[in-house]
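*Asks:* In case you want the letters, here they are:
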Amino acid sequence: MAEELLEKARDVFEGQIDFEGQRLAEYLTQGILTLVGAVAFLYGYFTQDIYMTLWIGLAGTALTFVAVVPPWPFFNKHPLQWLPPQNGYSGINIEVDRKKTS
Amino acid sequence: MHTTVVRVQNVFGFFTSVAFAIAALIAVSVVFAPQSPSASMELRNIQVVKGRPHYYSTKREEYANIRFDLDTDLSTLFNWNTKQVFLYIKAIYPSHLPSEPPTEAILWDAIIPATSAPWHHNTYIHPSTKAPKKVAKSKPQPPPSYRATAPGDAPGVLHLRNQKPKYQISDPTGKIAERGNATLELGWNIQPWVGALVWANYVDLGRWSGVKGGRSETFEFPELKGAVKKEELGTMKGGEGNRGKPA
Chain P
31 MAEELLEKAR DVFEGQIDFE GQRLAEYLTQ GILTLVGAVA FLYGYFTQDI YMTLWIGLAG
91 TALTFVAVVP PWPFFNKHPL QWLPPQNGYS GINIEVDRKK TS
Chain U
60 MHTTVVRVQN VFGFFTSVAF AIAALIAVSV VFAPQSPSAS MELRNIQVVK GRPHYYSTKR
120 EEYANIRFDL DTDLSTLFNW NTKQVFLYIK AIYPSHLPSE PPTEAILWDA IIPATSAPWH
180 HNTYIHPSTK APKKVAKSKP QPPPSYRATA PGDAPGVLHL RNQKPKYQIS DPTGKIAERG
240 NATLELGWNI QPWVGALVWA NYVDLGRWSG VKGGRSETFE FPELKGAVKK EELGTMKGGE
300 GNRGKPA
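Residue numbers (my numbering), protein chains in the order written: chain P, 31 to 132; chain U, 60 to 306.
Careful: at least some of the hints might be erroneous.
Pairwise CB distance ranges, derived in the manner of DEER restraints [claimed, not checked]:
no.	chain 1	residue 1	chain 2	residue 2	range
1	U	L264	P	V42	51 to 61 Å
2	P	F104	U	A86	19 to 29 Å
3	P	F104	U	T135	48 to 58 Å
4	P	W85	U	T277	49 to 59 Å
5	P	A92	U	F79	34 to 44 Å
6	P	W85	U	T62	22 to 32 Å
7	P	T64	U	R220	47 to 57 Å
8	P	F49	U	A255	38 to 48 Å
9	U	D212	P	E56	45 to 55 Å
10	U	G72	P	H108	19 to 29 Å
11	U	A86	P	W85	50 to 60 Å
12	U	A82	P	A92	23 to 33 Å
13	P	H108	U	A82	51 to 61 Å
Computed from the model, here is a short list of chain P residues facing chain U with C-beta under 8 Å [claimed, not checked]:
no.	residue
14	F43
15	I47
16	F95
Covered, in the sense of this in silico footprint (three residues per stretch, anywhere, with C-beta under 8 Å from a C-beta of chain P), are these stretches of chain U [to be verified]:
no.	segment
17	132-146
18	267-281
Hints in this document: simulated from the structure, not taken from any laboratory.
The structure displayed is predicted, hence computed values, not measured ones.
Backbone N, C-alpha and C define an ideal beta-carbon position, used for all residues, glycine too.
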């Protein structure tokens, strides 16, 4: 019981996502942050208000954290298709101490 | 990007890169903001008296107390990246040896904050431009309005009449009376939110033109006076006089 709980807690903490999700996460990180940086600078420059640059930049960074860090379902849409479990040695007979192993 | 911790690291890492790039852009953007400061300064009065550097000193030195008029329009120095401007007035006069650079001594300074800067008790308080009302001594004085410019003026616009100095100046030799060929010169340092401190006051750099005016006419330090009224030797502390005291 306790081990199961621990296992679940570990899964939640690790928040693993699949390979396609990782590609998407990387793309989102760079895209959102770059866009937010550009918007923050331009808005601040044209309103001549450096505080707006600061706050837009920080808000955009917070948004990126929210969008990328948790293992959202859309990061897990392409789960890896593992091959079915096989017995790799089924066709070969190996004798160990005169006994067949399978 | 496999686990949460790695994603946090990645996002934060890229955020620092973006923040640095934006900061660099902001620092460079200042170059495109035109500056056209102007100032006119006039000497009002000088007194030279004997004094000592501190109460227990046995050394006797000559001190000059210089009063001046100042009209500035430095409002173009305040762009979106200006935090504050440190403004100062130097007295410049030739040293004893012609091979040495001229002597410079600061006699007045002020920290002029931008409107975006939070109020701080070290910032300059512009004296009232209205005629002072006669207030009976028993009445409590009204609190000063903590503004670096007169009401209605943009930051950097100062109008000072017969301004007392903040510092009495002396010379390394201890003798400052009857030194000639002296001028007062306005100088400043722009302190930005992000980027480099700028000391270019008198040179034209791209869209920045040097200050128009800013130097007084040459004058001579007067001879030593024996007895001068105390009021004539007054200095005036700025807002930083409040430092360390409760508000």
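*Asks:* Closer than 8 Å, Cβ to Cβ, for at least three residues: run that test on the segment 267-281 of chain U against chain P and report holds or violated.
*Replies:* With 0 residues in contact (Cβ-Cβ under 8 Å with chain P), the coverage given for the segment 267-281 of chain U is violated.
*Asks:* Tell me if the beta carbons of H108(P) and A82(U) are separated by a distance inside 51 to 61 Å.
*Replies:* 38 Å, violated
*Asks:* Holds or violated: I47(P) as interface residue toward chain U, Cβ cutoff 8 Å?
*Replies:* Holds - the Cβ of I47(P) comes within 8 Å of chain U, reaching about 7 Å at its closest.
*Asks:* Taking 22 to 32 Å as the stated bounds, is the beta-carbon spacing between W85(P) and T62(U) within them?
*Replies:* Holds, at about 30 Å.
*Asks:* Taking the Cβ atom of A82(U) and the Cβ atom of A92(P), is their distance within the range 23 to 33 Å?
*Replies:* Hint violated: Cβ distance 19 Å, outside 23 to 33 Å.
*Asks:* Does the beta carbon distance between D212(U) and E56(P) stay inside 45 to 55 Å, or does it fall outside?
*Replies:* 52 Å, holds
*Asks:* Check the following: the C-beta atoms of A92(P) and F79(U) are separated by a distance inside 34 to 44 Å.
*Replies:* 18 Å, violated
*Asks:* Using Cβ atoms only, decide whether F43(P) comes closer than 8 Å to chain U, and label the hint accordingly.
*Replies:* 7 Å, holds
*Asks:* Between G72(U) and H108(P), does the C-beta distance stay in 19 to 29 Å?
*Replies:* 25 Å, holds
*Asks:* Falls inside 38 to 48 Å, the C-beta gap from F49(P) to A255(U)?
*Replies:* Given a distance of about 45 Å, which is inside 38 to 48 Å, the answer is holds.
*Asks:* Return the status of the interface hint for F95(P): holds when the least beta-carbon distance to chain U is below 8 Å, violated otherwise.
*Replies:* OK, holds: F95(P) within 8 Å of chain U, min 6 Å.
*Asks:* Within 47 to 57 Å: is that where the Cβ-Cβ distance between T64(P) and R220(U) falls?
*Replies:* 53 Å, holds
This entry does not satisfy hints 2, 5, 11, 12, 13 and 18, going by the numbered hints stated previously.
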